[in-house]
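Enquirer: As you go down the protein sequences, you meet chains A and B in turn.
Quick note on this note's numbering: the first sequence kicks off at 547 and runs consecutively.
Quick note on this note's numbering: the second sequence kicks off at -9 and runs consecutively.
Any given hint might turn out to be false.
[To be verified] To be clear about the criterion: a stretch of chain A counts as covered by chain B if any three or more of its residues have a C-beta under 8 Å from a C-beta of chain B, and this derived list gives those stretches:
id : stretch
1  : 591 to 599
2  : 687 to 701
3  : 714 to 725
Source of the hints: derived by calculation from the structure; they are not laboratory data.
Beta carbons: idealized from backbone N, C-alpha and C, even for Gly.
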Amino acid sequence: MTTFSDPPKEQFRLSMLLYDTRYRSATIQVIALIGFMLLAAWIISNTIQNLEALGKPVEFGFFGEPASYDINQRLLEYTSRDTHLRAAFVGLLNTLVVAVLGCITATVLGVVIGVLRLSHNWIVARLMTVYVEMFRNVPVLLWIVFIMAILIETLPAPRAFRGDNPEASMVLGEAVAVTNRGVYVPEPLFSNSLGNIHLFGESSLRFDVSLDLMAILVVLGVSIWISNWIKHRADAIQEKTGDRPVTWWQRLGVVVVPLALLLALLGFHLGYPELKGFNFSGGTHLRNSLIALWLALSLYTAAFIAEIVRAGIMAISKGQSEAAAALGLRPNRIMSLVILPQALRVIIPPLISNYLNLTKNSSLAIAVGYMDITGTLGGITMNQTGRELECVLLLMLVYLSISLTISAIMNWYNESVKLKER
Amino acid sequence: MSDIGYVRTEMLPEQEPPVSEVGAIGWVRHNLFSNWFNSLLTVLSLYFIFKVLAGLVPWVISPTWDSGSLAECREILHALGREGHYAGACWGVIHERWIQLIFGFYPEHLYWRPIAAFVLLGVALAPVLFSDKVPSKLLIFSALYPFIFPWLLWGGTIWAPVAALLGFVLGWAAFNAVSKAMSTLLGFIAGALVALIWWLVLSSYFVGAMDSIAAIGIEPVESRKFGGFMLSITIGVVAIACSLPLGIVLALGRQSDLLIVKYICVGFIEFIRGVPLITLLFVASTLLNLFLPPGTNFDIILRVLIMVTLFAAAYMAEVIRGGLAALPRGQYEGADSLGLNYWQSQRLIIMPQALKISIPGIVSTFIGVFKDTTLVSIIGLLDPLGLSNAIRADANWNGIVWELYGFIALLFFAFCFGMSRYSMYLERKLHTGHR
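Let's have the full structure, built from the sequences with the hints guiding it.
Expert: This is how it looks when you write it as C-alpha cells:
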C-alpha cells in the first residue's frame, strides 16, 4: 500500500526574504523605494530650509506682476507693461514657431541631401558627405552664433537701400528686403477682413484668432476632402473597369477655385515692406535672431536626417526594387510604391527623436537673443524676480510637456505606418 | 552546310574598348555626365566649389600671423594692396591667444599638469580602446586613473584622492565579507553603507590627519581658472566616464522585472531626455546648491559635471537598452539554463554582447556630449566659445569673428570626426557575428 503525502508546507521564515528568489525581489523593491523616498525627502527638506534662510518661500505670485521688458519678435501683441505670465506665453509661442519652422526645413533639406548622398554622381555624393560631416561634428551652438555673425556682418544695412543709386536692392521683385537687421517679407492683408475673435478676454493668455485665417483653413480643408473623395471614386472606377478617369483637373480645380474666390472676397493683398527714413516699415519683420536660429537648427538637424534617410533607403534590400522592376513598374513608381513605404518604417522612429532634439536645441535661442521660453521665463523673468526654483522647474515642465506631446503624436503616426503583423 | 558561303576560321583580335568608355573619360561620362540632370548637378557643384574656394583661399592665405591687433592686420593687408572688409584673415589673434583658447586662465607654470593628465588619459584608455595591441596589465592603471585625473587638474593634497579610493576599497571589502557570510544583497547594502559613511563622515578626518603627518600635495588651482578646450575635454571625459556605468545601471533597471525599480528608472530617463540640457545647466548654476544641506557651496564646475553626467547617463541608458533589446531571447535563456545568477549572466553573457551592439550609439552619445559642453558658455563658464567673447572684448581684437569661430570649429571637428572614425574601426573589429 502506498501512501501519498503532501510535501510539508514550508513555513515562512524571515531569512527567505534574503535567500528565496520569490521574496527577494520584494525586499529589493522595498529597499529601493525607501532609498528613493529618503533621497527625495532629504532634497525637499534641504530646499525648504535653504529657501527659508533666503526668505523666498515658493509662490507663483510674481507671474501677475508687470514684466517690464520688451520682446521684439512675437506673434501676439505684447508690451512691457504686460505680466510675466504673458511674457512666458509669448516666449512659448516663439519656441513653437522656431521648432515647427525648423522641423519642416530640416526634413526637406535632410531628405534631399540624404538622397543626393546616394547619387551615382561622384562629385555630388562627395559634396553631400562633406556637408553632413561638417555639420554633424561641430556643435550646434557654434553654428547658431556663426550664422548670426554672418547675417550681421555680411548683409547690407538698411541705409544701403537708400538713394537713387543704392548699393543694395530688394530681391524677388522688390518684395523682400534682406538687411543686417533682419529680413522684411510681404505680409498678407485683407481689405474686407472678417475681424478677429478675442479669446480669454483681458487675461494674460488672451490671444486673437483671425477669422480670415480660419475661413481659409476651413475652405482648404473641405476642398482637400472633396479632392480626396474624387481620388477614391477614381480608384473605385479603376478597380471596376480597369480604366482610370482623368481627374487631375477636377482635383486641382476643387482646391484652387474656392480658395481664389474666398481670397478675392476677403480682398486679399500683400503689404510690401518699404524704406521709410533709416529703416523699413510695413511687411513682416523676421529678425536676425529668428533667422539665425532657424537656419542653424535646420542645417544642423538636416545633416542628421540625411543620414537617417540614407540608412533607411539602404536598409531596403535590392531584391525589393528588382522585384518591383520585374513587375513592370516605372522607376518613380518603384520609389513611391515599394521603396519609400518600407524605408519610412525605418526612418520614422529616429526622425521623431531628431524633431525632439531640434525642439530642445531651440532653447539655445538665448545665445542670440531670440526670446523663446528659455529667454523669457528662464532668462529675464528669472533674473528680474530672483525666483530661480519656480522659473526653472516651470521651464522644465514646459519642455517636458512639449517633448511628450511631440513623441505621442509621432508615435501615433508611427503606429499607423508600421507593418501590420498578424 | 555547303550553302554557307563564308565562315571565319580564326578569332578576330580583340578590339580596344572605345576611348569614351574606359579610363578617365569613361569614368567622367559614367559618374558625372550620365544624363542631363546629372550633368546639371555636376556643373552646379563645380561652380559652387569654385565659388567657395575662390572666396576662401585668398582669405585664408594671409600673412598676418605676427600681428598684434586687428588694426595692425588691416595695415599689413593694406600694404599688400589687399583692400576691403574680407581682404584677408587676421591670424594674429590665433597666434596670440591659442594658448588661452586651449588652457583658459590656468596658471602658465602649471600647464604640464593638464598636459600630463591628458597624456595619461591616453595611456589609461589604451588598454580599453586597443585591447589587442596593449598589454592588459595596464588596466590596473586605468582603474586608478579616475583618481589621478582630478588630482592633477585641481591639485591640492594627495590624500583627498587616496581617501576617495579608500572608500571604494572599504566598500568592496565590506561587500565581500558580508556577502560571503550572509547574502549578496546584504553584502551590497553593507558595502554601499560603509563607502557612504567613509566618504561623507570619516574621510575628511582621514585627510586632515594624514595631511598633518605628511603634507604631500601640489599647488591647488581654482575652478574659475579652468577654461578653453581643457574645460570642454574635462567635462566631456568626466561625463562620459561616469555616465557609462550609470547608464548601464539605469538600462538594467528599466529592463528589470522589479516594478518599483523600473518605474524609478523610466521616470528619471524620460524626465532627463525630455528637457533641454540648458535647463539642467540652469539647475546646476542656480538650484543645485538649494537641494543640498544649508551651507554647502561647492564649485560651479563640479555642479556642471554632475548635471552633464546625469544628462549623458539618461541617453546612454537608452542606447544600452537598445542593445539589450536587440539580443535574442535565447541568450538570456541560455544563461539561465547554465545556472548563472543575474549578475553573473549579465557580466558574462549579456553585457559583452549588448555593449558590442550598442557601440555606435555609445560613441555618438559621446560625441553629442562633447559637443554639448559648449553650452556651459551660456551659464558663464569660459569654454572656447565663452573665451571667444572675452577675446573680442579686448580692444585689440574688437570686431574679430571668423578666425576665432573657424579655429574653434576646426578643433571640435577634429575631435568629433576622430571619435566617429574610431567607432567605425571598432564596429569592424568587433563584427564577429553573422552579416
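Enquirer: Now, for every hint given, state plainly whether the structure supports it.
Expert: Do the hints match the structure? See the list:
1. 591 to 599: holds (count 6)
2. 687 to 701: The restraint on the stretch 687 to 701 of chain A holds, since 6 of its residues have a Cβ under 8 Å from chain B and three suffice.
3. 714 to 725: violated (count 0)
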